[in-house]
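Asker: Going by the numbering used here, the letters in the sequence shown line up with residues 35 to 174, in that order.
Be careful, since some hints might not be right.
Just the calculated beta-carbon pair ranges, DEER-fashion [as the list claims (entries may be wrong)]:
no.	residue 1	residue 2	range
1	GLN92	ALA71	52 to 62 Å
2	GLN132	LEU76	28 to 38 Å
3	GLY91	ALA54	34 to 44 Å
4	ARG142	GLY91	33 to 43 Å
5	GLY135	PHE90	33 to 43 Å
6	GLU148	ALA83	52 to 62 Å
7	THR55	PHE90	44 to 54 Å
8	GLN92	GLN132	22 to 32 Å
9	LEU89	THR149	23 to 33 Å
To be clear, the hints were calculated from the coordinates, so they are not data collected in a lab. The C-beta atom is built at its ideal place from N, Cα and C for all residues, glycine as well.
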Amino acid sequence: MSAGAVIGDATEVAYWRERATLAEGRLAVAEERLAGAEARVLELAEQVAVLSRMLFGQSSEKAGPGKPGDRAGADGQGDDGQEDSGQPGGGQAGKRGQRPGSKGHGRRDYSGLETREEIHDVPDGQREPRVRAGVRVPGV
Numbered sequence: 035m036s037a038g039a040v041i042g043d044a045t046e047v048a049y050w051r052e053r054a055t056l057a058e059g060r061l062a063v064a065e066e067r068l069a070g071a072e073a074r075v076l077e078l079a080e081q082v083a084v085l086s087r088m089l090f091g092q093s094s095e096k097a098g099p100g101k102p103g104d105r106a107g108a109d110g111q112g113d114d115g116q117e118d119s120g121q122p123g124g125g126q127a128g129k130r131g132q133r134p135g136s137k138g139h140g141r142r143d144y145s146g147l148e149t150r151e152e153i154h155d156v157p158d159g160q161r162e163p164r165v166r167a168g169v170r171v172p173g174v
């Protein structure tokens, strides 16, 4: 190996060490910027949540059927002092629709409307026979 090759190798090693040092510096700056940006995103997300609550109020779909203030505190008990079962609405299942035993809507009253009787007679040639080759037609 010649002296020129050794000097060339030493120069190349110094070049790559300098590049690595610069890259490490840029990496540190980028990581600081990323941490600052992530903190800012969290801060803005909190502001959006606060402003949304101010504008739209609390979500009624997440609240139980009880009073708006009936939420469990950190001790697992609601404002009324009873144990919270973790279910929305104070432990009752959030079933929807008509409850058993409750009165339904019933039919509409059409007794006040005018009525008339209409008879539609189908000619014999257009009628379906009630029995086809010994097989009874369903629904007839």
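Asker: Now, for every hint given, state plainly whether the structure supports it.
Answerer: To see whether the hints hold, each was checked on the structure:
At about 30 Å, the beta-carbon gap between GLN92 and ALA71 misses the expected band of 52 to 62 Å. Between GLN132 and LEU76 the Cβ separation comes to about 45 Å, which falls outside the hinted range of 28 to 38 Å. Checked against the hint of 34 to 44 Å, the pair GLY91 and ALA54 fails, with Cβ atoms roughly 56 Å apart. For ARG142 and GLY91, the Cβ-Cβ distance of about 37 Å falls inside the hinted range of 33 to 43 Å, so the restraint holds.
Separated by about 36 Å at the C-beta atoms, GLY135 and PHE90 satisfy the suggested range of 33 to 43 Å. The beta-carbon spacing between GLU148 and ALA83, approximately 60 Å, falls within the hinted interval of 52 to 62 Å. Separation of THR55 from PHE90 is about 53 Å and conforms to the stated range, judged on CB atoms against 44 to 54 Å. The hinted range of 22 to 32 Å is satisfied by GLN92 and GLN132, whose Cβ atoms lie roughly 27 Å apart.
A hinted range of 23 to 33 Å for the beta carbons of LEU89 and THR149 is inconsistent with their spacing of about 55 Å.
Checked against the numbered hints above, the structure violates hints 1, 2, 3, 9; every other hint is satisfied.
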